[in-house]
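Quick note, the sequences are listed as chains B and E, same order. By numbering that gives the first Met the number 0, the letter at position 275 of the first sequence is numbered 274, and the numbering carries on one by one without gaps. By numbering that gives the first Met the number 0, the letter at position 332 of the second sequence is numbered 331, and the numbering carries on one by one without gaps.
A few of these clues could be false.
[Said to hold, decoys possible] Computed far set for chain B versus chain E, every beta-carbon distance over 10 Å:
no., residue
1, 25
2, 56
3, 60
4, 62
5, 165
6, 169
7, 216
8, 225
9, 257
[Unchecked claim] Per label pair, the in silico range of CB-to-CB distance:
no., chain 1, residue 1, chain 2, residue 2, range
10, E, 258, B, 245, 19 to 29 Å
11, B, 318, E, 273, 46 to 56 Å
12, B, 245, E, 329, 51 to 61 Å
13, B, 328, E, 136, 17 to 27 Å
14, E, 47, B, 297, 38 to 48 Å
Because the hints were derived from the structure by calculation, they are not lab data. Even for Gly, the Cβ is constructed at its ideal location relative to N, Cα and C.
Protein chains: 2
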Amino acid sequence: MKIAVDAMGGDFAPAVVIEAVATALKELPDVEILLVGNLPKIQYHLEKARLKESPRLSFVHAEEVVEMGEPSTNAVRSKKHSSITVCAELVKAGKADGIVSAGHTGAAVAATKVRLRMVPGVERPALAALLPAIGGKFILVDAGANTDCEPLNLAQFAVMGELYSKFFLGIENPRIGLLSVGGEDVKGNALTKETFKILSKMPINFIGNVEGHDLFNLGADVVVCDGFSGNVVLKSVESISHAIGYWLKEALMKNVFRKAGAVLAQNAFKELKNVSNYEEYGGAPLLGINGVCIIGHGASTAKAVVSAIRVADGFARNALPELISKRVAECGIATAAHIHETATETSAEK
Amino acid sequence: MKIAVDAMGGDFAPAVVIEAVATALKELPDVEILLVGNLPKIQYHLEKARLKESPRLSFVHAEEVVEMGEPSTNAVRSKKHSSITVCAELVKAGKADGIVSAGHTGAAVAATKVRLRMVPGVERPALAALLPAIGGKFILVDAGANTDCEPLNLAQFAVMGELYSKFFLGIENPRIGLLSVGGEDVKGNALTKETFKILSKMPINFIGNVEGHDLFNLGADVVVCDGFSGNVVLKSVESISHAIGYWLKEALMKNVFRKAGAVLAQNAFKELKNVSNYEEYGGAPLLGINGVCIIGHGASTAKAVVSAIRVADGFARNALPELISKRVAECGIATAAHIHETATETSAEK
């Protein structure tokens, strides 16, 4: 499989991306990489990383990059030669089988939606974030691709999450929960109440509403929500984890006994950091678009980018987009093609 | 001030509530308490806690209690003699100045909304949760009273949060942020985009959108959101905090060095637990109703209930409901009385 890697995306790009590519070439012998970016600008980093020539590595020039503060639509409007847009075009032209980018999430959504379109039957894409819980991991979908959703969108997200969980985490019959504010089906907002009805009728393992409380106890294997709630949850959880780390450090530095204790137990703190460091988990697949695209956290490390390349390779091999299209039809929740085309156009114009 | 305390509300009621009342009578010499509950049923606990007779303590019998699994509206329909409804009636009759309950949140909202009505100019009540952040505390409002909101509701919540922050946390010019998915004003969902416009025009210290990332760094003193998002954030954050505690314990128990380290640093872990234990913070005021009502976390300890009684006393002394009504008018966002009456009726009928 050939993976187009956005050299310019991420807070520590291009350095960590190039470092990741060097590692991926060693660790993933079946993967070919197309490194996409402004070649003159990354030359220094290529040399510094001593990225060796490889028959499995090629370079594609992209003049621009969509910077983090820019509107998402710049990827398809004013910056048509940006690295993420070039990545999407490589997939469209059949020159690459998947994309990895740790850059502007909205730009990646816009570029892939417009260039690659949606898989038949799906109206909107969703970001699927993999999160740690006591006893396992769970998928939060949509973690931020769509701020306003309809019930049918959420039903389609449920299918995407189900397939991700099944084929890539190996969960046989994933428990699918709907993020809400109370366990009973009468609780929730207008969106979740309607979505509850649709999910109940689908041939999936729908376990009902799950509350915020249930998330990190592995209350469900797949948690379905609109992208506003999902993004807010994801980022709030990162924020409190960071704060807890800060408070712990502060408390441990208060006197000499605690400091000694902290030294003795230092590996425990490292382990804790690894468990809760979901930035390391290799990025969130953007599901529902007609192609494979893995979006890394802005603060992705090289390890995270390597992991994202591995996931992109796996998704491409298993033809996840086709699986999604088939399963959405099977569940009776496919969106008619004309609606889907219109919706895509409208969103791209925003 | 006389505070009606719901003896039956909370996972550990009536025991912890009675324990809390005993402490409050000692610690808060100016507070009178009306303990409301099923008197025969709580007799044993009263004796066990050796709750002494006091001229500042009286008892009010309430036959029933709205259990956690029941619909909220039972408080105003099938269980009109429930402890929370009796509390609301005591305030309505001028026999109490405020309510404290760690019971069913929805039932407390329904009982107070219907019995006490809203303050003039406010359409819906909001739960204001006080949360810890690096360097201080912030208020999340609405933390769960309303699952579906209009922009004007959020603007009114902003005012409630502002007054809470100003008069009870002593923040002079509280920074008010709108919970959203991106810092720029163009980002968010339909609700936040409209709300942004209203907040921008109000004579408050509106600092724009705040993301989940900003919350626990004290990105704002007051974070405004709809009750669905707020509740989901609140509970997800509790859930991850619990999971982090679990992982830390697990990591510390792995070998003898770590165990020794954990013993040396044990007070640090206790301190950490105290900081992040917002269950202890004494409950969330239900703002916007025409009366004072503090709702405790279901898992409230006696300490938390004492703290809630202290807050209720403070709110009643400062006549917070009147302050809210005045400030909403001042900000030009008062809801017309007829809308407010209709909305209240409708909600109660749900």
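Each hint, compared with the structure:
1. Residue placement check: residue 25/B keeps its beta carbon more than 10 Å from all beta carbons of chain E (closest about 30 Å).
2. With a least beta-carbon separation of about 35 Å from chain E, residue 56/B lies farther than 10 Å from that chain, consistent with its non-interface assignment.
3. No Cβ of chain E approaches the Cβ of residue 60/B within 10 Å, the least distance being about 30 Å, so the stated non-interface status holds.
4. Here residue 62/B stays apart from chain E, with its beta-carbon at least about 25 Å from theirs, past the 10 Å limit.
5. Distance check on residue 165/B: its Cβ is at least 24 Å (rounded) from any Cβ of chain E, clearing the 10 Å threshold; non-interface status holds.
6. No Cβ of chain E approaches the Cβ of residue 169/B within 10 Å, the least distance being about 22 Å, so the stated non-interface status holds.
7. A beta-carbon of chain E is positioned within 10 Å of the beta-carbon of residue 216/B; the least distance is around 7 Å.
8. A beta-carbon of chain E is positioned within 10 Å of the beta-carbon of residue 225/B; the least distance is around 8 Å.
9. Once the 10 Å rule is applied to beta carbons, residue 257/B is inconsistent with being away from chain E; the minimum gap is 4 Å.
10. Between residue 258/E and residue 245/B the C-beta distance comes to about 24 Å, which sits within the given range of 19 to 29 Å.
11. Range check, residue 318/B to residue 273/E: Cβ separation about 52 Å, and the 46 to 56 Å hint holds.
12. Remark: the range hint 51 to 61 Å for residue 245/B to residue 329/E is contradicted by a beta-carbon distance near 38 Å.
13. Between residue 328/B and residue 136/E the C-beta distance comes to about 50 Å, which lies outside the given range of 17 to 27 Å.
14. Look at residue 47/E against residue 297/B: about 56 Å separates their beta carbons, and that is not inside 38 to 48 Å.
Hint compliance for this structure: hints 7, 8, 9, 12, 13, 14 are not met, and every other hint is.
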